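J.: Quick note on numbering: full-length UniProt numbering labels position 84 of the sequence shown as 84, and the sequence is numbered without any gaps.
Calculated directly from the structure, the hints in this document are not laboratory data. None of the values given here were measured: they were computed from a predicted structure. Be aware that one or more of the hints could be misleading.
[What the hints assert, rightly or not] Simulated pairs of lysine-lysine, BS3-like, Cα-Cα distance not exceeding 25 Å: (1) Lys239 <-> Lys16; (2) Lys239 <-> Lys314; (3) Lys314 <-> Lys258; (4) Lys239 <-> Lys23; (5) Lys340 <-> Lys314.
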Amino acid sequence: MTHLHLTTPANLLREKIATKEAKIGVIGLGYVGLPHALHYGQKGFSVLGIDINQERIAQLLSGDSYIDDVADQDVATYLANNQVATTFELLPALDVIFIDVPTPIDAQQQPDLTALKSAASQVIAHVRQGQLIILESTSYPTTTLEHLVTPLLEKGLTPGKDIFIAFSPERVDPGNQQFNFDNTPKLVGGVTETCTSLAMAVIGDMAVAVSSPEVAEMAKLYENTFRFVNIALADELSKLCHQLNIAIDEVLTAAATKPFGFMRFDPAVKIGGHCIGVDPFYLQWYMAQQQLSTPLINTAAKIDASMLDFLMVKLLTALTEEGLSISGARIGVLGVTYKKNISDTRMSAAPELVNILLNHGSKVSLFDSHVSSLSVKGQQLPVSP
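Model the full assembly from the supplied sequences, consistent with the hints where possible.
T.: This is the structure:
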């Protein structure tokens, strides 16, 4: 009886993880997936990174990194013992599969799960008994249930017995040199307790268990919506400070001297990137499906959308005070990515700002040491370092 117990799929997988014999796969090699794959390679696991973007895989195979936080040498070290691929045929050979694909919003600010559905369908098509599947892509509650658990049940695989499933939202902060995989707590919500414990075993010491995938899914949306609405509050305050000729930075620095009950958020021309500017709309959409309203998120989104107009008013006022017209004015845009020290321009304010300036007849020069060009209305404009 003891022998039978030790050879259950769960215990076999647990032993493989403990001895680092488990083969790990990462689907999606972007800002989250590539560092993730390298992380497990550095820990001594055999890793397969999968991305359907052939140019991206070719770049990696040539030894070049396309991620700011990943050095070329890190890629070379990874490839010495691990693999990258564009196809999914090797999925059955893996023991643990992480799904790290983008979950953006569409033009109507609604969830776009195209990449997630595609990745999940590949996993389901190639799945075998005894595998652990961990979804890390941010989405609304019940996503793990809808796109992994239910289809696998329909294939006759029981979570916690035949197959193991968990949601563990990524907490990657591109460009942040202080926090990384080794010192950032990571939520883990398994479909069963066994699923949770196996996911925690592979994630390591920073894993924090929650009772279900839905709790982890909701927590991730709350984390970034919290930031979204507080940045909007700082935006709103910055307008008043401008009118009163008070330095907003001094106000925020002064408020931050309070050692409790305060967290600093700075105003922004636009809340950009793949998380903070996206996740609140996942929550907004999902709450609408539950017949619940989101007045706070709605207002924060309106404030965020107003900041570019606020910037243009400030610019026009400054030019007028100098006796200048915006038409023909030489204007430099310093920094075109969505935040400092990275090359990611997703949801950056720069393309829209530059387009407005060009439409006003301004002569615009772009400067950013992290990118060489910026796409504005389908045109690639040069960016100087």
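J.: Please go over all the hints and tell whether each is borne out by the structure.
T.: Quick rundown of the hints versus the structure:
Among the hinted pairs, Lys239 with Lys16 is inconsistent with the structure: their alpha-carbon atoms are about 57 Å apart, more than 25 Å. As the CA atoms of Lys239 and Lys314 are separated by approximately 10 Å, the hinted pair is consistent with the 25 Å bound. Taken as a hint, the Lys314 and Lys258 pair is broken in the structure, with Cα atoms around 31 Å apart against an allowance of 25 Å. Taking the CA atoms of Lys239 and Lys23, the gap is near 53 Å; set against the 25 Å cutoff, the hint is violated.
Simply put, Lys340 and Lys314 have alpha-carbon atoms about 22 Å apart, close enough for the 25 Å limit, and the pair holds.
Checked against the numbered hints above, the structure violates hints 1, 3, 4; every other hint is satisfied.
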